[in-house]
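Taken in sequence, the protein lines are chains A and B.
In this text, residue positions in the first sequence follow the working numbering: the first is 1, and each later residue adds one.
In this text, residue positions in the second sequence follow the working numbering: the first is 1, and each later residue adds one.
Check the hints yourself; a few may be wrong.
No copy is singled out in the list; a pair is fine if it fits within one copy or between any two copies.
[What the hints assert, rightly or not] Dumping the calculated SDA-like pairs for lysine to any residue here, alpha-carbon to alpha-carbon at most 25 Å:
hint, residue 1, residue 2
1, K52, Y212
2, K28, D11
3, K367, P295
4, K231, H207
5, K367, T106
6, K28, V154
7, K267, L213
Read the hints as simulated data drawn from the structure, not as lab findings.
On a predicted model such as this, the values are computed, not experimentally measured, just so you know.
Number of protein chains: 2
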Amino acid sequence: MVNAEIITIGDEILIGQLVDTNSAWIAKHLNSAGINVYQISSVSDNAGHILKALDEASQRADIILITGGLGPTKDDITKKTLARYFGIGKMLVHQPTLDYITDIFTKRGIAITELNRLQAEVPENATVIFNTCGTAPGMYFEQNGKIYVSMPGVPYEMEAMLPKVVELLFAKTGQSAIYHKSLMTYGIPESLLAEQIEDWEGALPIHIKLAYLPEISSGIKLRLSATGDNKDLLNQQVDEEFGKLIPRLGNAVYGYEPDSLASVIGKLLTAKKASIATAESCTGGRVSHLITLIPGSSEYFKGGIVSYSNEAKMNILEVKQTTLEQFGTVSRQTVEEMALGAKRVLNADYAIATSGIAGPGGGTFEKPIGLCWFAVASPKKVASYSQMLTSDRAGNITRAAANALNYMRLLLLED
Amino acid sequence: MVNAEIITIGDEILIGQLVDTNSAWIAKHLNSAGINVYQISSVSDNAGHILKALDEASQRADIILITGGLGPTKDDITKKTLARYFGIGKMLVHQPTLDYITDIFTKRGIAITELNRLQAEVPENATVIFNTCGTAPGMYFEQNGKIYVSMPGVPYEMEAMLPKVVELLFAKTGQSAIYHKSLMTYGIPESLLAEQIEDWEGALPIHIKLAYLPEISSGIKLRLSATGDNKDLLNQQVDEEFGKLIPRLGNAVYGYEPDSLASVIGKLLTAKKASIATAESCTGGRVSHLITLIPGSSEYFKGGIVSYSNEAKMNILEVKQTTLEQFGTVSRQTVEEMALGAKRVLNADYAIATSGIAGPGGGTFEKPIGLCWFAVASPKKVASYSQMLTSDRAGNITRAAANALNYMRLLLLED
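The following block holds chain A by itself, in its conformation from the complex:
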């Protein structure tokens, strides 16, 4: 098996100001391509240190992936240092990158500076990997049978570039095939899920492995990874195994990666030619943010009301004052009136509503921090339930928004 190493460059990692999330992202994708990550090292923005790390890594691995240090400022020295490592004196302007940078700045109405222009330069032995999300180009090098790839440290720039890098590496290394597919589930806790599917997991063929990947915002992802020679066959075998599992999990399954709760709701609404609206209190706009992250959501999303004040609940969502007085803002009655109100005033077929106490303040004995009510309304009915959330403010908001979307998904399925 081919070995890779990841080197992340940046003082901010070594002083603990930044958690290195890039390494896990890269490692996951290399693994999918059948490339083993042997070691991950984080080093400082220092030429001597980077050179030493490159040297050590090239003794252990065949592929060295580097992130960080490609910005336009003085402390970004990766490009210069790589040129020095390869003994390259000459830098060349990569014209498509310079054109792209110029275009971005022109659009923004800002004059391009010498520092920006320098970003388009690469060592003459580099093959440029185009950066579609930023100004620093990625670079691919080969030397003494080893492959070196340098990528930006800004996560979304690196993430946009990585599929192209993995494709290049896969082609270069001629790996035996590996195939991954991930089933998305929401609503069954991890330990319960593990018990429920233990026998299925135990009966998996030896070349197919299972991983549990839980995340607050998307539930538990079940990833099957199959290795062998024939990718089509692996694909078929993985589908067969999931085919046995899915009927046992019922409507906890909502799709395969990259489906999200919001994208699945979008598909269900599109199929019904129906529209949706939101009324949010404790989730503060996160539910509508998740819905509108989906391209094309303007076709079915009418809009949302973030009713953070009782005034907004009454004046815009038409929640009755007597309801708020009698039952309080965090109650079944209020959240159902919010959902019905959003559906009516935004003229939608379906609506989602949330009302809860995200913390850290605002809790009482009867209505403690973490209590959250969820309601969904359809052309036929309104339904609601409550749950106690047990994380901090940001965690509670994240989970509440995911719960709300999942609740709507279940309503759309039965409707």
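Here the structure of chain A is known, so what remains is to put chain B in place on it, guided by the hints.
Okay, now just chain B, sitting in the frame of chain A:
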């Protein structure tokens, strides 16, 4: 200065299943104690690999901190491997740890197993650091003038143990101090900022270093790191340097870490005893989500309208039909009416509005993808501007929301 290295052990890190958050946590605490982290390495649960990593680290650093691989199961081999590294054949039972483990299991009504008992054993050259949150003891070693500390990989167990470790290291090493402070800026592109402050950066004393840390959602963070003997003096010197810089950057400076654009708006509104509302189109709820992530935001945030349809813009925000027909939804006229409408219907003193084309669909020749209009309204006026955003849908939404918050901040400052 004393150098430390962190080694995190675990296959789950190398396949990207787990983001290594322990390293950043440890690095931050070591830095506060004046101990420089030179490198971070993540290695597999393999004895040969761990031995090699220990050997390499001890050549570069004076202190080696290790996390992970201390559990009771077969794949946890750190303790055995450390004993082998130090050439220690004999393991001793640490009685307080054994008593503690026995106590935990007795309380849970579970019989203690041989595997649990083995967790209380440590190499005979180890000084035990008591684990108050779990069954695996921490261990402190000295050999050839180097210090080695082994901690559990479970974050909350490590975090509970770390202050004791830092105290030990601080006492052993008699460190010089290090002090960090980060200035938050928004609105000046990185390359322009670098040119603008080049002479200031060049004139920094040798013991004070600058780093640029850009992020879409928060602008560019300028971090000064000062090293020396006297922490109070360093604090004062860093403040003096920032004192020279701040007047040159004007209102691009919005605070010091951990201030965010949303938290600063919250403080400004609280000082004015004023309230705010939002009207979002392209940002789809992200602006209100960011505002409501701030604890206590319910004191000043009245609510928001996500007006994704023209219907919602007209019916709820009271944007005039003639405005939409004449100028379109993405226009100065519409976004200003949205801001004024949100202010009025949510009965707020201030309002933010956004309307744009986030992509990937929806662009036209006259109104291309990325075009975004921003408006802010105060008791006295309404103002607006437009910008071309150049990222993908998610990136455009992130930047548009940050721009909108910054625009409101600027309005609140001049008001």
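I'd like to know which numbered hints this structure contradicts. Please list them from smallest to largest. Failing hints: none at all.
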